[in-house]
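What follows is each chain in one-letter form.
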Amino acid sequence: MIEMHDVYKVYSNGVKALNGINTKIDQGEFVYVVGPSGAGKSTFIKLMYREEKPTHGVILINGVNVKRVRDWKIPYLRRNIGVVFQDYKLLPNMTAYENVAFAMEAVEAPKRKIRRRVQEVLELVGLYDRMNALPSQLSGGEQQRVSIARAMVNNPNFVIADEPTGNLDPENSWDIMYLLEEINSRGTTVVMATHNKEIVNTMRKRVIAVEQGVIVRDEQGGEYGYED
Amino acid sequence: MKIDTFFRHFREAVKSLARNNWMTFAAVSAVSVTLLIFGLFLVFAFNLSFMASELDKQVSIRVSLSPQITADQIDNIRSQIEQDSKVKSVEFISKEEGLQMMKQQWGDDKEFLEGLEKDNPLPDTLQIQPSNPQETEALAKDLQQSYPNYIEHVDHGEGVSDRLLNLSAWVRNMVLVFGLGLAVLAAFLISNTIKLTIFARRREIEIMRLVGASNWFIRWPFFIEGGVIGVLGAIVPVTVVLLGYNAVVGILDADKAYSFFKLLGFWDIAFKVTGLTTLLGILIGIWGSLISIRRFLRT
Ligand SMILES: Nc1ncnc2c1ncn2[C@@H]1O[C@H](COP(=O)(O)OP(=O)(O)OP(=O)(O)O)[C@@H](O)[C@H]1O
Ligand SMILES: [Mg+2]
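Residue numbers (UniProt numbering), protein chains in the order written: chain A, 1 to 228; chain B, 1 to 299.
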């Protein structure tokens with residue numbers, strides 16, 4: 001469960017990105033975060049995986065106040081959160097398999113377990129046959145699927161995505177969405193910032209709309225609501 | 001740490017050293033120069049303190065006992081002196097033994113000592129080792145005053161060893177100051193090499209952080225990298241210093257003219273020099289990597 005109580009974020013240059021956010025996301029929910037450019041969606045996402053600290057207010061992840069977590073303990077917090085980005089963030093000199101395995105090596109999983117699990121998630125994202133390809137040999141959609149495989153390989157409670165379909169054509173975008181829905185159906189909470197009107201209006205989920213750092217709308221099965 | 005993880009870190013470290021080969025070479029060279037100077041100083045310092053302690057052994061007080069003294073009285077004085085805390089040891093040398101030793105020292109020219117056995121002019125003596133070489137003079141005065149009736153004469157060595165002791169302390173301090181300066185320089189160079197590696201791997205580090213790698217997991221390859229630079233940097237200086245020392249010892253051993261000039265044997269210093277030099281190399285390496293990753297891991 002993710003809870004935000006009266007959360008403010010002021011960046012060091014004085015920009016007020018979030019101005020009093022109150023919300024609660026239960027385990028197993030699927031949430032779209034929408035809003036105009038510069039509204040604070042990415043900031044909202046970054047606070048959840050403690051890339052940024054709130055200037056004011058409390059964020060609880062499964063009851064843990066992330067602001068209070070010591071720097072050296074942040075990695076342990078993140079093991080429970082898979083993160084997906086618009087630009088995939090894959091390591092260019094590693095194969096698809098290695099990119100996914102890397103996330104398990106980093107948390108010192110046993111070698112045999114790594115092999116089994118990495119093959120399993122690559123199968124799930126439909127890239128079992130392409131596991132020895134380098135990112136440069138994969139399409140954008142395939143690269144994003146590798147990054148989703150990496151986000152879920154450690155079985156996190158949460159998968160957080162910042163515009164995961166931002167660089168993809170509609171067909172590939174839908175592949176990604178079906179994957180996220182599949183992950184969500186297994187009990188993982190999915191929070192996703194997006195500008196994709198078609199997806200939000202078709203695959204109906206909870207919608208949180210943010211404008212100028214405050215939540216202006218929060219409805220179950222809501223519409224995208226903007227003309228980008 | 002798991003053994004798999006350690007091997008992974010080691011592989012990563014070696015890979016990045018190979019990738020940044022020129023920077024690695026520069027850093028290793030810097031460490032080598034530092035360690036070469038350190039190694040030379042080390043050899044000097046070891047030998048100076050060895051010579052000083054050898055000379056210390058020779059700094060003894062020679063108490064000539066008066067001819068009238070009886071054996072009982074000698075025992076008496078001897079046990080009294082032995083109890084003095086300023087005295088390390090007392091050795092009685094009878095006039096016969098004294099003559100014997102003299103003959104040995106004179107060697108070939110001993111003929112003119114022949115015949116002295118019958119009418120030995122030497123006194124019985126006590127050889128006294130002071131506990132603290134620096135207090136030799138005071139102790140000698142003490143003895144003279146304490147037993148005026150039994151002691152004829154008190155001799156003590158010159159302050160040679162004092163000066164040598166001072167010199168070896170001075171050399172030690174120089175090693176520390178100079179070595180520290182060089183170590184800082186080398187660590188700085190290493191930290192630059194490692195910064196380059198960090199720069200080359202910043203994406204990888206970013207992703208490691210995202211997927212929840214602990215700070216130590218991220219740091220280890222860089223530590224190992226620094227340590228490896230340190231060890232590589234020790235190879236040339238250790239080899240040069242030890243080969244050089246071996247040659248010098250060989251020359252001095254072969255040429256009897258220098259026999260008064262006693263150096264430590266090759267094997268007396270080989271392990272110490274290798275160990276200390278390598279250790280310093282590793283420390284400099286790890287220090288250098290610490291400098292460069294410290295800032296990087298702050299969130
Ligand atoms: N690291 C930062 N330092 C300073 N200001 C920042 C930083 N990151 C974001 N901002 C500012 O904070 C505000 C919110 O940015 P944020 O990235 O959260 O918006 P967003 O809703 O994700 O926008 P977009 O839809 O374009 O991705 C913007 O005005 C932005 O310029
Ligand atoms: Mg954004």
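If you are wondering where the hints come from, they were derived from the structure by calculation, not from laboratory data. None of the values given here were measured: they were computed from a predicted structure. Certain hints may be false.
Stated by the list, open to error - Under 8 angstroms between C-beta atoms, here's a sample of chain A residues computed to sit facing chain B: (1) 79; (2) 83; (3) 106; (4) 108; (5) 112.
We put the beta carbon where it would ideally sit given N, CA and C, even for glycine.
Status of the hints after comparison with the structure:
1. 79: This interface hint holds because 4 angstroms falls under the 8 angstroms limit.
2. 83: Residue 83 of chain A check passes; min Cβ-Cβ to chain B is 5 angstroms, inside 8 angstroms.
3. 106: holds (4 angstroms)
4. 108: Interface hint status for residue 108 of chain A: holds (5 angstroms vs cutoff 8 angstroms).
5. 112: violated (10 angstroms)
This entry does not satisfy hint 5, going by the numbered hints stated previously; all others are met.
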